[in-house]
Amino acid sequence: DAMVIQNPRYQVTQFGKPVTLSCSQTLNHNVMYWYQQKSSQAPKLLFHYYDKDFNNEADTPDNFQSRRPNTSFCFLDIRSPGLGDAAMYLCATSRDRGENQPQHFGDGTRLSIL
Amino acid sequence: KNQVEQSPQSLIILEGKNCTLQCNYTVSPFSNLRWYKQDTGRGPVSLTIMTFSENTKSNGRYTATLDADTKQSSLHITASQLSDSASYICVVTNKGATGNQFYFGTGTSLTVIP
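If you're matching them up, the sequences are chains A and B in order. So the first sequence is residues 1 to 114, counted in this note's numbering. So the second sequence is residues 115 to 228, counted in this note's numbering.
These are computed hints drawn from the structure, not numbers from a lab. Watch out, some of these pointers could steer you wrong.
Claimed, not checked - Here are some of the chain B residues that sit facing chain A, going by a computed Cβ distance under 10 Å:
1) Cys133
2) Arg156
3) Ser160
4) Ile163
5) Thr165
6) Asn169
7) Ser172
8) Gly174
9) Tyr176
10) Ala200
11) Ser201
12) Lys209
13) Asn214
14) Ser223
15) Ile227
Unchecked claim - The calculated lysine to any residue pairs, modelled on SDA-like cross-linking and capped at a C-alpha distance of 25 Å, are:
16) Lys209/B <-> Ser188/B
17) Lys171/B <-> Gln101/A
18) Lys38/A <-> Asp198/B
19) Lys171/B <-> Lys38/A
To be verified - Computed footprint of chain B on chain A; a stretch qualifies when at least three of its residues, placed anywhere within it, have a C-beta under 8 Å from a C-beta of chain B:
20) 76-83
21) 102-110
Glycine residues also receive a C-beta, built at the ideal position from the N, C-alpha and C atoms.
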């Protein structure tokens with residue numbers, strides 16, 4: 001049974017048109033992460049939530065925002081997608097921020113920009 | 115500079131054969147090293163997590179080793195199966211002042227052929 005669920009699996013949007021990707025989890029984990037993974041590259045952490053505490057990576061563009069309305073859901077908003085934002089977006093969770101906590105990944109949303 | 119390098123970049127082996135993937139890192143301070151398997155179009159799945167004091171850990175046919183002195187890790191796959199075809203990603207965790215930092219390698223793409 002999927003524990004970290006990302007919807008949709010594939011998303012197509014137009015250049016400059018806002019888009020929202022969603023992630024839900026049934027693990028009741030405190031931490032939720034968003035990663036961007038471009039073709040043949042390693043995932044790049046964009047930001048994470050520890051409970052309601054938002055933590056942005058220093059090099060995450062302002063174009064990327066996130067919301068976590070409750071424990072189970074987290075959203076990635078791209079305000080004005082550019083061609084360079086086409087990528088796989090991965091959501092992950094961990095029980096807490098202990099450094100040895102495993103991360104559980106969803107299967108990602110592949111975003112295409114027209 | 116904190117980096118994780120994996121080799122080889124890609125590998126093709128015959129079904130039933132063994133193989134070893136390498137991960138070298140310069141991340142400091144070191145908290146743990148993780149190996150993930152990522153099937154095409156799916157999210158990464160955790161195989162092992164090793165802390166400083168652990169030098170080997172197994173998960174079925176997967177055995178990871180860690181030499182914290184030389185900052186090297188390997189992932190050994192025994193009796194490979196077609197379903198082992200995937201990208202294998204090495205991730206090193208650094209517990210910094212502002213939280214965990216995850217340093218991803220770019221992965222080794224393994225193809226198992228009949």
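Quick rundown of the hints versus the structure:
Hint status for Cys133/B relative to chain A: violated, with the closest Cβ pair at about 20 Å, above 10 Å. Because the beta carbon of Arg156/B sits about 5 Å from the nearest beta carbon in chain A, less than 10 Å, this interface hint is met. The interface hint given for Ser160/B holds, since its Cβ lies 5 Å from the closest Cβ of chain A, which is under the 10 Å cut-off. A hinted interface residue such as Ile163/B counts as satisfied when its beta carbon comes closer than 10 Å to some beta carbon of chain A; here the least separation is about 6 Å, so the hint holds.
This hint holds: Thr165/B has a C-beta 6 Å from the nearest C-beta of chain A, less than the 10 Å allowed. Annotation: Asn169/B was flagged as interfacial toward chain A, and the flag is violated, the nearest CB pair being 16 Å apart, outside 10 Å. A distance limit of 10 Å between C-beta atoms decides the matter here; for Ser172/B the minimum to chain A is near 16 Å, and the interface restraint is violated. A distance limit of 10 Å between C-beta atoms decides the matter here; for Gly174/B the minimum to chain A is near 16 Å, and the interface restraint is violated.
Interface hint at Tyr176/B: violated, since its Cβ lies 15 Å from the closest Cβ of chain A, which is beyond the 10 Å cut-off. Hint status for Ala200/B relative to chain A: violated, with the closest Cβ pair at about 13 Å, above 10 Å. With 10 Å as the threshold, the beta carbon of Ser201/B comes within range of chain A, its nearest partner Cβ sitting at about 9 Å, so the hint holds. Against a cut-off of 10 Å between C-beta atoms, the interface hint on Lys209/B holds, since the closest Cβ of chain A lies about 4 Å away.
Restraint check, Asn214/B versus chain A: the minimum CB separation of about 5 Å is within 10 Å; hint holds. Proximity of Ser223/B to chain A holds as hinted, the smallest CB-CB distance being about 8 Å (cut-off 10 Å). Given the 10 Å rule on beta carbons, the hint for Ile227/B is violated: about 20 Å separates it from the nearest Cβ of chain A. A C-alpha spacing of about 22 Å is found between Lys209/B and Ser188/B, which places the hinted pair at or below 25 Å, so the restraint holds.
For the given pair, Lys171/B sits about 16 Å from Gln101/A by alpha-carbon distance, which is consistent with the 25 Å threshold. For the given pair, Lys38/A sits about 22 Å from Asp198/B by alpha-carbon distance, which is consistent with the 25 Å threshold. Of the supplied pair hints, the one linking Lys171/B and Lys38/A is violated, its CA atoms being roughly 30 Å apart against a limit of 25 Å. A stretch counts as covered by a chain when three or more of its residues have a beta carbon under 8 Å from one of that chain; for the stretch 76-83 of chain A and chain B the count is 0, and the coverage is violated.
Evaluation of the coverage hint for the stretch 102-110 of chain A: fulfilled, as 8 residues show C-beta separations to chain B shorter than 8 Å, against a requirement of three.
Of the numbered hints listed earlier, those contradicted by the structure are 1, 6, 7, 8, 9, 10, 15, 19 and 20.
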